[in-house]
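Sequences are here, hints too, so could you generate the full structure?
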Amino acid sequence: MELALQQKLVARLCTDRAFREEFFADPAQVAAHEGLTVAAEGLASLHPEQLRQFARLLRTRRLGEAGEALPLTRRALGFRFADLFKAFAIQGLPPGEHMGEDAVAFVNFLEQQAVTQPLEPAWVRSLARYEATRVEAEWLGRRKLVVRQFPHALRRLLPAFAAGGVPEGDFSGWTLAVWCCASSGQRPRHWLW
Amino acid sequence: MGRKTEITNLLANLPRLGAGLAYREPFRAELLQKQPEVDFLEIYGDRYIDAPPARMEELAVLSEHFTLVPHFTRLSLGSAEGLDPDYLEKVRLLIKRLNPPWWSEHIGFTRAGGVTLGQPAPLPFSKEGVEVMSRNIVTARRAIATPLILENVFAPLVWPGGEMDPAQFIGEVLGYGGCGLLLDVANLQANAAGLGGDAAAFLDRLPLDRVVQVHFSGCHESKGRSVESRSQPVAESVWQLLDAVVARAPVRCLCLERDDNLPPLGDLLWEVERARALGRQHKRWN
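In order, the protein sequence lines correspond to chains A and B.
Take 1 as the starting number for the first sequence in the numbering used here and just add one per residue.
Take 194 as the starting number for the second sequence in the numbering used here and just add one per residue.
It should be emphasised that the hints constitute simulated quantities derived from the structure, not laboratory data.
None of the values given here were measured: they were computed from a predicted structure.
Note that the Cβ used here is the ideal one computed from N, Cα and C, for glycine as well.
One thing to keep in mind: the hints can contain errors.
Pairs of lysine to aspartate or glutamate, DMTMM-like flavour, derived with a Cα cap of 25 Å [unchecked claim]:
1. B:Lys289 with A:Glu138
2. B:Lys283 with A:Glu97
3. B:Lys476 with B:Asp397
4. B:Lys289 with A:Glu97
5. A:Lys8 with B:Glu282
6. B:Lys320 with A:Glu2
7. A:Lys8 with B:Glu274
8. A:Lys144 with B:Asp243
9. A:Lys8 with B:Asp358
10. A:Lys86 with B:Asp453
11. B:Lys283 with A:Glu136
12. B:Lys283 with B:Glu218
13. A:Lys86 with B:Asp452
14. A:Lys8 with B:Glu321
15. B:Lys227 with B:Asp453
16. A:Lys8 with A:Glu21
17. A:Lys144 with A:Glu101
18. B:Lys283 with A:Glu138
19. A:Lys144 with B:Glu282
20. B:Lys320 with A:Glu34
21. B:Lys283 with A:Glu68
22. B:Lys227 with A:Glu68
23. B:Lys283 with A:Glu101
24. A:Lys8 with B:Asp279
25. B:Lys476 with B:Asp436
26. A:Lys8 with A:Glu22
27. B:Lys283 with A:Glu65
28. A:Lys8 with B:Asp277
29. A:Lys144 with B:Glu250
30. A:Lys144 with B:Asp279
31. A:Lys8 with B:Glu324
32. A:Lys144 with B:Glu251
33. A:Lys8 with B:Glu356
Coverage of chain A stretches by chain B, computed from C-beta distances (three or more under 8 Å per stretch; other residues unrestricted) [to be verified]:
34. 12-23
35. 57-64
36. 85-98
Structure (structure tokens):
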């Protein structure tokens, strides 16, 4: 039982920077608050740099998986993808139970960020949401029908990536995207208008 | 027949696969063309749990051309809260579908208190840590008859209050669990360096008769420490350690891992060929 509580605490310490700082300010109190008794003193001697290093390793692995789920967004953002992912990951929201959930949560974060700090080019926001919606429709499969509207011309933007590099232009326009799956285990059908 | 002999016999009957690599999607088309240069593929099993149909179609194609060995991270055999029965069932179904010679997980935990880490964290080197692993291994082996082997994890994080050293801990877990060892030599080297020790000396203390599979990969330096990043070519020091392992352990296969900074496939296949030659040199396969 004690080890389960210890693991819970360590998992939070590795994924939540604010919690980590709070813990190292007063380890015994935080450990006690988390319900740890016998091992509280021991955990208080966890090495801060070791935890930070492991937290960085976790973040790197998560970044790789998010990039795999959002390949065009990663290409469009370039080095900013890693910087933005770091800003997202240190907030303390751990990766979800299913692969793909982290990528969707990251895109939600990007959209929140974009309200105050717009992404450039502007179509990246539509592209990220498009890829996240695809992950939800194809991976997470919670709904049989997904319909989504985007404020950019994805029908022109997506093929432009096939040439390599990052397309130029504002790709103004509107797109309606639909994913439809008759049953689980079947590849969803997808349309763009 | 004693339990130790029984386990040794079980492991001795596993097939000798040779040298292969951990599958990465960007190499899919090229790998199919270069099938004769790869003796087997290790697949990241969690990628195919609840996966979309397109990915399962990919798996079907791979299984037609290669021996596949599934490697998991998210079952979390080291979780003190126990295994997730739903996830275990999904792992079971995937293994049934692939019918591999063995499957692998880690000596660590990836799930605790509703937090999923995505990468195995080390356990405390304690009796309780051994008990947790043993309990979960028994549950997993009851569900899945295919032999299970366990990997030593990268452990930059050392729990306070350890009751045994890392090598002894690994030996205890394998002994109680009745499992083979997937020895990651880059992790071994990085951990030994982090603890201020010598990888060769650490190797001496491991139950090398249990080694079934070996992972090897490149490391990089971070803040003065060696980190297994799988983003660089295999360093000479890792090759030397690999040689020492293959010389002494009854390995059935050697698996190259590369996740980031992917080079042309030809570069990786050169490293696979070098590993294959190492196995031949030590008469692990023909």
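Right, here's what the structure says about each hint:
no., hint, in the structure
1, B:Lys289 with A:Glu138, "holds (23 Å)"
2, B:Lys283 with A:Glu97, "holds (13 Å)"
3, B:Lys476 with B:Asp397, "holds (21 Å)"
4, B:Lys289 with A:Glu97, "holds (22 Å)"
5, A:Lys8 with B:Glu282, "holds (24 Å)"
6, B:Lys320 with A:Glu2, "holds (13 Å)"
7, A:Lys8 with B:Glu274, "holds (10 Å)"
8, A:Lys144 with B:Asp243, "holds (15 Å)"
9, A:Lys8 with B:Asp358, "holds (23 Å)"
10, A:Lys86 with B:Asp453, "holds (17 Å)"
11, B:Lys283 with A:Glu136, "holds (19 Å)"
12, B:Lys283 with B:Glu218, "holds (22 Å)"
13, A:Lys86 with B:Asp452, "holds (19 Å)"
14, A:Lys8 with B:Glu321, "holds (15 Å)"
15, B:Lys227 with B:Asp453, "holds (21 Å)"
16, A:Lys8 with A:Glu21, "holds (16 Å)"
17, A:Lys144 with A:Glu101, "holds (18 Å)"
18, B:Lys283 with A:Glu138, "holds (18 Å)"
19, A:Lys144 with B:Glu282, "holds (24 Å)"
20, B:Lys320 with A:Glu34, "holds (23 Å)"
21, B:Lys283 with A:Glu68, "holds (22 Å)"
22, B:Lys227 with A:Glu68, "holds (24 Å)"
23, B:Lys283 with A:Glu101, "holds (18 Å)"
24, A:Lys8 with B:Asp279, "holds (20 Å)"
25, B:Lys476 with B:Asp436, "holds (12 Å)"
26, A:Lys8 with A:Glu22, "holds (16 Å)"
27, B:Lys283 with A:Glu65, "holds (20 Å)"
28, A:Lys8 with B:Asp277, "holds (15 Å)"
29, A:Lys144 with B:Glu250, "holds (20 Å)"
30, A:Lys144 with B:Asp279, "holds (22 Å)"
31, A:Lys8 with B:Glu324, "holds (18 Å)"
32, A:Lys144 with B:Glu251, "holds (22 Å)"
33, A:Lys8 with B:Glu356, "holds (21 Å)"
34, 12-23, "holds (count 3)"
35, 57-64, "holds (count 6)"
36, 85-98, "holds (count 5)"
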